[in-house]
Amino acid sequence: MVDRTSALNKIMSLLKYIGRRIVSAIPTLILITFLSFGLLYITPGGPVEALAGIFGTQEQKERIRQELGLNDPLHVQYLRWVGGVLSGDFGEMIVMAPGTPIAEMLRKPLLATFWLTIAGALIALTLGLAIGALSAIKPNSWLDSLSRVISIATYSVPDFWLAIILLFVFGVIFRYRWAISGQIDFSRNIVFSLQSLILPAIALGLAKAGIVARITRGELFDVQNKSFIQFERIMGLPRWVVIKDMLHNGILPIVTVLGYTIGLIFRGTFLVEVVFGVPGIGLFLVRAAKTQEYALLQTLVLCIGSVFILINLLTDILYGVLDPRVRS
Amino acid sequence: MTALIEAESVKRYYSNASWLQRLLFLGGSEIQAVDGVTLRIEKGEIVGLVGESGCGKTTLGWLLAGLEQPTEGAVRFKGRSLGNIDAETRKKVQLLFQYPRESLNPRHNVRTILSYPIRKMGHTATADITARIHSLLEAVGLSARYADRYSFQLSGGELQRVALARTLALEPEFIVCDEPTSAVDMNVKVQILKLLSDISREKGISLLFISHDLSAVRFIADRICVMYLGKIVEQAPAQQLFDHPCHPYTMALLDAIADIDPNAIRKASLHGQPPSPMAPPAGCRFHPRCAYTEQVGTICWERGPALQPLSTDHLVRCFLYPEVSQDPDRKQ
Numbered sequence: 041m042v043d044r045t046s047a048l049n050k051i052m053s054l055l056k057y058i059g060r061r062i063v064s065a066i067p068t069l070i071l072i073t074f075l076s077f078g079l080l081y082i083t084p085g086g087p088v089e090a091l092a093g094i095f096g097t098q099e100q101k102e103r104i105r106q107e108l109g110l111n112d113p114l115h116v117q118y119l120r121w122v123g124g125v126l127s128g129d130f131g132e133m134i135v136m137a138p139g140t141p142i143a144e145m146l147r148k149p150l151l152a153t154f155w156l157t158i159a160g161a162l163i164a165l166t167l168g169l170a171i172g173a174l175s176a177i178k179p180n181s182w183l184d185s186l187s188r189v190i191s192i193a194t195y196s197v198p199d200f201w202l203a204i205i206l207l208f209v210f211g212v213i214f215r216y217r218w219a220i221s222g223q224i225d226f227s228r229n230i231v232f233s234l235q236s237l238i239l240p241a242i243a244l245g246l247a248k249a250g251i252v253a254r255i256t257r258g259e260l261f262d263v264q265n266k267s268f269i270q271f272e273r274i275m276g277l278p279r280w281v282v283i284k285d286m287l288h289n290g291i292l293p294i295v296t297v298l299g300y301t302i303g304l305i306f307r308g309t310f311l312v313e314v315v316f317g318v319p320g321i322g323l324f325l326v327r328a329a330k331t332q333e334y335a336l337l338q339t340l341v342l343c344i345g346s347v348f349i350l351i352n353l354l355t356d357i358l359y360g361v362l363d364p365r366v367r368s
Numbered sequence: 019m020t021a022l023i024e025a026e027s028v029k030r031y032y033s034n035a036s037w038l039q040r041l042l043f044l045g046g047s048e049i050q051a052v053d054g055v056t057l058r059i060e061k062g063e064i065v066g067l068v069g070e071s072g073c074g075k076t077t078l079g080w081l082l083a084g085l086e087q088p089t090e091g092a093v094r095f096k097g098r099s100l101g102n103i104d105a106e107t108r109k110k111v112q113l114l115f116q117y118p119r120e121s122l123n124p125r126h127n128v129r130t131i132l133s134y135p136i137r138k139m140g141h142t143a144t145a146d147i148t149a150r151i152h153s154l155l156e157a158v159g160l161s162a163r164y165a166d167r168y169s170f171q172l173s174g175g176e177l178q179r180v181a182l183a184r185t186l187a188l189e190p191e192f193i194v195c196d197e198p199t200s201a202v203d204m205n206v207k208v209q210i211l212k213l214l215s216d217i218s219r220e221k222g223i224s225l226l227f228i229s230h231d232l233s234a235v236r237f238i239a240d241r242i243c244v245m246y247l248g249k250i251v252e253q254a255p256a257q258q259l260f261d262h263p264c265h266p267y268t269m270a271l272l273d274a275i276a277d278i279d280p281n282a283i284r285k286a287s288l289h290g291q292p293p294s295p296m297a298p299p300a301g302c303r304f305h306p307r308c309a310y311t312e313q314v315g316t317i318c319w320e321r322g323p324a325l326q327p328l329s330t331d332h333l334v335r336c337f338l339y340p341e342v343s344q345d346p347d348r349k350q
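Chains as they are written, first to last, in this note's numbering: chain A, 41 to 368; chain B, 19 to 350.
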């Protein structure tokens with residue numbers, strides 16, 4: 041259907057576009073390293089106070105400084121830290137579990153939060169797309185009205201509130217053990233982890249499914265009335281080709297909202313983790329801030345920032361894949 | 019002899035009741051977009067359809083293209099109802115859309131857009147498809163370079179040419195052209211009209227050319243139908259319609275374009291907006307705006323006129339002419 045040369049051109053321009061997007065994400069990433077490194081100097085107290093205790097003498101504090109390399113010039117400290125990060129060394133824990141490498145410490149919480157985000161996003165995506173598509177097919181039907189009500193209801197409700205209600209209903213009233221365990225660790229027990237994932241994921245996903253549904257409905261409704269879709273219909277193309285082209289054209293705003301929604305869900309996990317007691321990075325973040333575990337805090341801020349950059353980058357790349365106007 | 023395509027007392031009503039209204043039996047109002055149109059188009063003939071916005075001309079076009087199903091009456095292509103025709107014959111009836119930018123998929127380049135109908139016609143070899151794309155582009159006056167462009171890289175006229183090429187790929191026998199020149203500028207308009215009429219003559223394709231632009235219709239059409247509020251009020255060969263308009267509405271339309279001289283006395287100028295198709299006037303639908311009502315008398319708002327011939331090929335729907343009798347349709 042497409043000449044080899046034109047297919048090649050398409051791939052080349054797409055690769056160039058992806059390259060440009062990646063390069064333009066780098067300055068943001070550098071900015072985030074500045075911010076997370078700067079945290080150390082903005083926050084009061086710090087590791088020295090924490091280690092030396094209230095009765096620590098000036099000499100003791102000086103020795104700790106020397107050991108941690110805090111007396112070196114700022115740029116040396118920064119470069120040392122960035123160098124470590126680039127080689128996978130994020131430093132060590134000082135207060136909570138002295139001597140443990142942070143990378144090891146964070147592995148499990150990051151995984152738990154990752155699965156929670158993915159599960160929440162999947163729920164938001166499937167529910168949102170399905171409800172949106174159904175109401176676009178029959179606009180102004182009772183189905184459309186019902187889905188509008190449900191959508192508005194779900195996106196008006198905060199995810200942590202939904203989490204508390206779910207916890208109350210399934211944990212307190214029905215007394216399901218899996219509902220409240222919060223133990224999401226796939227290396228230990230897959231079935232149990234999946235069960236523990238259900239309620240937090242529903243709390244996260246349901247609250248965002250409404251937005252996805254509304255956008256999907258609007259876009260598909262617009263597209264199915266476009267002349268080129270009607271032409272494909274009277275031409276007698278197979279139904280799946282028409283639906284494919286409809287989705288291809290209506291999906292861009294949906295992609296934008298999805299990227300944004302996944303970001304929101306990721307952020308939402310912090311609170312929902314606290315409600316369900318999931319040992320994810322949300323709980324970790326709170327503890328790191330309380331105990332002034334500065335290297336951990338830096339790493340977490342860096343991770344969270346990078347996740348948002350990554351989501352945006354993927355959204356941008358998807359744009360390029362889907363829309364020839366963006367590529368060129 | 020059966021016409022290539024014919025509409026017989028075709029009606030299309032739209033209900034604007036919501037599901038809640040329907041549930042409570044409140045039934046909203048009904049829009050009579052097309053109200054009893056009979057029209058025959060012969061092979062190779064170009065018929066112009068003119069009228070103000072909202073008079074139902076696009077709906078009639080969609081009915082003839084099979085994009086809409088009539089509420090009453092039937093549309094027949096070569097004597098067979100469009101509703102239950104086989105897919106092969108169905109492709110012979112096509113539509114050229116009003117907004118060229120919306121009628122081409124913005125995610126595909128011209129090559130892919132054209133390859134859809136070419137494949138649909140059963141040509142699958144890559145070399146064959148490429149050759150056909152080039153000959154189609156050539157037929158609509160575009161060079162082969164255009165194959166790798168996307169719709170956002172094309173001008174309005176070029177878009178309409180690609181849209182036409184895409185339609186021609188299906189080898190249609192009848193094309194409904196829904197205001198194809200309303201979105202392009204003057205010189206492009208002339209080019210497109212010439213292209214359409216050349217292609218029609220060359221391949222013997224019949225056209226229904228829908229427009230509110232009388233000069234465009236005059237340029238291209240063999241026969242013209244004038245539509246007002248869902249009904250055809252006058253139908254005549256193009257030249258005759260322009261030389262001897264008979265219906266007061268046609269006179270007013272022609273008057274509106276012919277008067278370049280500001281001092282000319284307007285014989286039948288048109289005032290106000292057309293009435294709502296949700297509540298069309300009783301009797302003749304044109305009577306509230308007609309300049310001849312007083313002359314003809316109360317019959318104009320008491321009864322509706324039928325579309326009847328003044329001569330063999332000149333039909334008119336007006337009591338101004340004694341030949342015209344009352345419309346048997348009860349709804350008048």
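Please keep in mind that the hints were generated in silico from the structure rather than gathered at the bench.
Hints are not guaranteed to be accurate.
As a list, the in silico DSSO-like pairs of lysine-lysine whose alpha-carbon atoms are at most 30 Å apart [said to hold, decoys possible]:
#  : chain 1 : residue 1 : chain 2 : residue 2
1  : A       : Lys178    : B       : Lys29
2  : A       : Lys50     : B       : Lys29
3  : B       : Lys61     : B       : Lys212
4  : A       : Lys148    : A       : Lys284
5  : B       : Lys29     : B       : Lys110
6  : A       : Lys284    : B       : Lys109
7  : A       : Lys284    : B       : Lys138
8  : B       : Lys110    : B       : Lys61
9  : B       : Lys61     : B       : Lys109
10 : B       : Lys110    : A       : Lys284
11 : B       : Lys29     : B       : Lys61
12 : B       : Lys212    : B       : Lys109
13 : B       : Lys138    : A       : Lys178
14 : A       : Lys178    : B       : Lys109
15 : B       : Lys96     : B       : Lys29
16 : B       : Lys138    : B       : Lys109
17 : B       : Lys110    : B       : Lys221
18 : B       : Lys61     : B       : Lys96
19 : B       : Lys109    : B       : Lys221
20 : A       : Lys178    : A       : Lys284
21 : B       : Lys61     : B       : Lys221
Structure versus earlier hints, numbers of those that do not hold, lowest first: 2 and 4
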